Amino acid sequence: MIRVGVVGLGKMGLSHLSMFNAHPEVEVAGICDSAGYMLGVLNKYTGLKTYADMGAMLDDAELDAVVISTPSSMHAPMVRTALERGVSVFCEKPFCLDPADSAALTALAEEKGLVTQVGYHYRFVGAFAEVKRLLDLGAIGRVTHVLAEAYGPVVLKPQGSTWRTKKALGGGSLYDYAAHPLNLVNWYLGEAERAGGSVLNPVFSRETDDEVFSTLFFDPATPGGAPVTAQLSVNWSDESQRKMTTKVTIWGTEGRISADRQEVQVFLRDGAAVPDGYVPGWNVKYTTELTEEVWFYLRGEEYSAQVDTFVTRVIKGETEGVNNFAHAAATDRAIQLMVDDAAGVVRAPATGALAAPAGRTGRSLPGAVRSRVRSLLQKVGVAR
Amino acid sequence: MTTTTTEQVRMDRLLFGDNQFFGVNHMSEEKARAQAMKFQDISVVQSVLDDAYDEGVTTFMCTTHDRIALVADHVRANPERYPDMTFYPCMPYAHKYANAMTEDGPLGAIKRFLPDEGFLDAALRGSRSLATKDIEGIVTLLIDSEMKMFAGLRTPVIFLQNVVVDLLLGLGFNEAFKIFHDHVRARYGAEPGFITMNTPALLDVLDGLGIVNPIVCSNINKVGFRMSGGMEAYHRMLAEREFRAIAMSVFASGAIEPREAIEWVCAQPNIESIVFGASSRRNIAGTKALVDQYWVR
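Top to bottom, those sequences are chains U and A. At position 337 of the first sequence the residue is numbered 383 (the numbering used here), and the sequence of numbers has no breaks. At position 70 of the second sequence the residue is numbered 159 (the numbering used here), and the sequence of numbers has no breaks.
These are computed hints drawn from the structure, not numbers from a lab. Among the hints, erroneous ones may be present.
Stated by the list, open to error - Facing chain A, from chain U, some residues (calculated, C-beta under 7 Å):
hint : residue
1    : Y91
2    : T92
3    : D306
4    : Y332
Stated by the list, open to error - Here are the simulated distance ranges between beta carbons:
hint : chain 1 : residue 1 : chain 2 : residue 2 : range
5    : A       : S136      : U       : F263      : 51 to 61 Å
6    : A       : E264      : U       : G82       : 17 to 27 Å
7    : A       : A322      : U       : G101      : 37 to 47 Å
8    : A       : G375      : U       : E285      : 26 to 36 Å
9    : A       : R370      : U       : V330      : 52 to 62 Å
10   : A       : Y383      : U       : E156      : 29 to 39 Å
11   : U       : E335      : A       : D173      : 37 to 47 Å
12   : A       : P347      : U       : E339      : 17 to 27 Å
What the hints assert, rightly or not - Chain A residues, not near chain U, derived (Cβ > 10 Å throughout):
hint : residue
13   : V133
14   : H272
15   : D296
Owing to the predicted nature of the structure, the values given are computational and were not obtained by experimental measurement. Idealized CB from N, CA, C, for every residue including glycine.
All chains, please: the whole structure from these sequences, using the hints.
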């Protein structure tokens, strides 16, 4: 039995609270939120102990772990506080808006030997996990290209102002939608070297992106070969979708895999290393056969599965595991590659004499500095 | 079939569900999209409902989706065509609230869903509730607004949707079930129903609230798809617990062949009804024939 506190009771926070509270190995020892009304209602009707802020809860509730579901810009300082107090952390995605924070917090958690996890629940969807298994088996040979897509109906007209409409606070489809397929691409291909042709465009929003497109370049599978590429296509102003719909399609030398939440479609060439249960040609596996039973169901097995995985890891003290901070930090770096690419920021090679301050994990540079660095780099032929 | 007391609503063995009309398919996004296209025109939805009705499946278990209001209007306008037509509303239709909030803001959304009896009474109930953290006023207000579209129609069972039931269940917000239960009985003279993916856990909670012999709709299928708590617990529950079970997802989204699926469900004890969705008269008739064949109780 572990003692868990929940911080932030928005849609995801409430959903996490419900699942953690239903877990047989968890006692929810405290909840906190900036909105007192929600806390009052929950305290009155569920008896859960409420706190005005996370600090007070950490002082009092003797927590083993904390669930942080606050707006993204608040993640880094709150996660740091929790880690410094020796508490394991489940943090909602995206992890940190600044990859330097992601790196520092990953190191801090490792130093403290604490269990960490970030809420990239797609890695717990049976169909997407099957894709990972097939790739690890080499079922489609050498991977050459991935198309990762996410579409859905979130921003369908100009709207008012919340943290989700502010880029600096972690709003926009890049952090909210694109982070998911990007995280899957990281899982399948590892870490990207660079991004090209990145577009972060508004459709209806004034201050954030509603559509995101980019090409990511990864190490070639064979030395000296062409880079492996992943194209990201994301739009959260797409009313044709009933809800968020994510799809990945992967081409390899021996076949093709396409997967969404419901099913995996696999084409294997004759002569491919055909895994057990598959045949050359077309194969289709459905969610019903790829999904494992969960102890409590709310909104999809993947949400329960990620909660159960975290709880089990905390009980066992397993710092390694799916979606730990190191994995989420890789996705934060990929996001930064795209942000920089879209803004025209040029990062010099880390070994170059004119290297930009923080290499590929750094912040965006102010415009004036950016153009000076770029013109310098152009002079020495490093940049176009 | 379970014997029912005189106070209880007698439920049909087969109920017609509405997932297929709204692009919900647990197996394939492509199929879901094809269905969304097919049923874009409400007259196509109505035509399938007519087919179900004419095959003798006269209970429509439906979400409170905006477009269902059009079906309700049609049935209200043609009472002679649908003398036995019965609705089992399932609420809330969550997307409706999310969309209304985006378009009109919170106040506008509340206004949009207010019951006919008038803004003042409802607003009073709402604001007093907000002030005192008395959730009862808010919940009953929302139920009334959801029921607006069914005014004048037969709604003997009213369901709370699984996303809400299971969220509340996890939170331990048990009193909400009692509030729903009491309001549905008192105001609509209807039997409250609960849709869940966690039947064993829910039954324990409902028992604790003194809700006797509740109608509970949940996945019950041969492969154990989305039967949280495990197949064994479901077996035990069906054999031993007092509740009125409605089986949904009996085909596990197509993972089980129809005959095998129906034969298995009909062999389980204590199941009172099966809810299923279909897009064609042939499939409706096929399911009806299988149920008639295997349900010999």
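* Where does the structure disagree with the numbered hints, that is, which hint numbers, in rising order? -> 9 and 10
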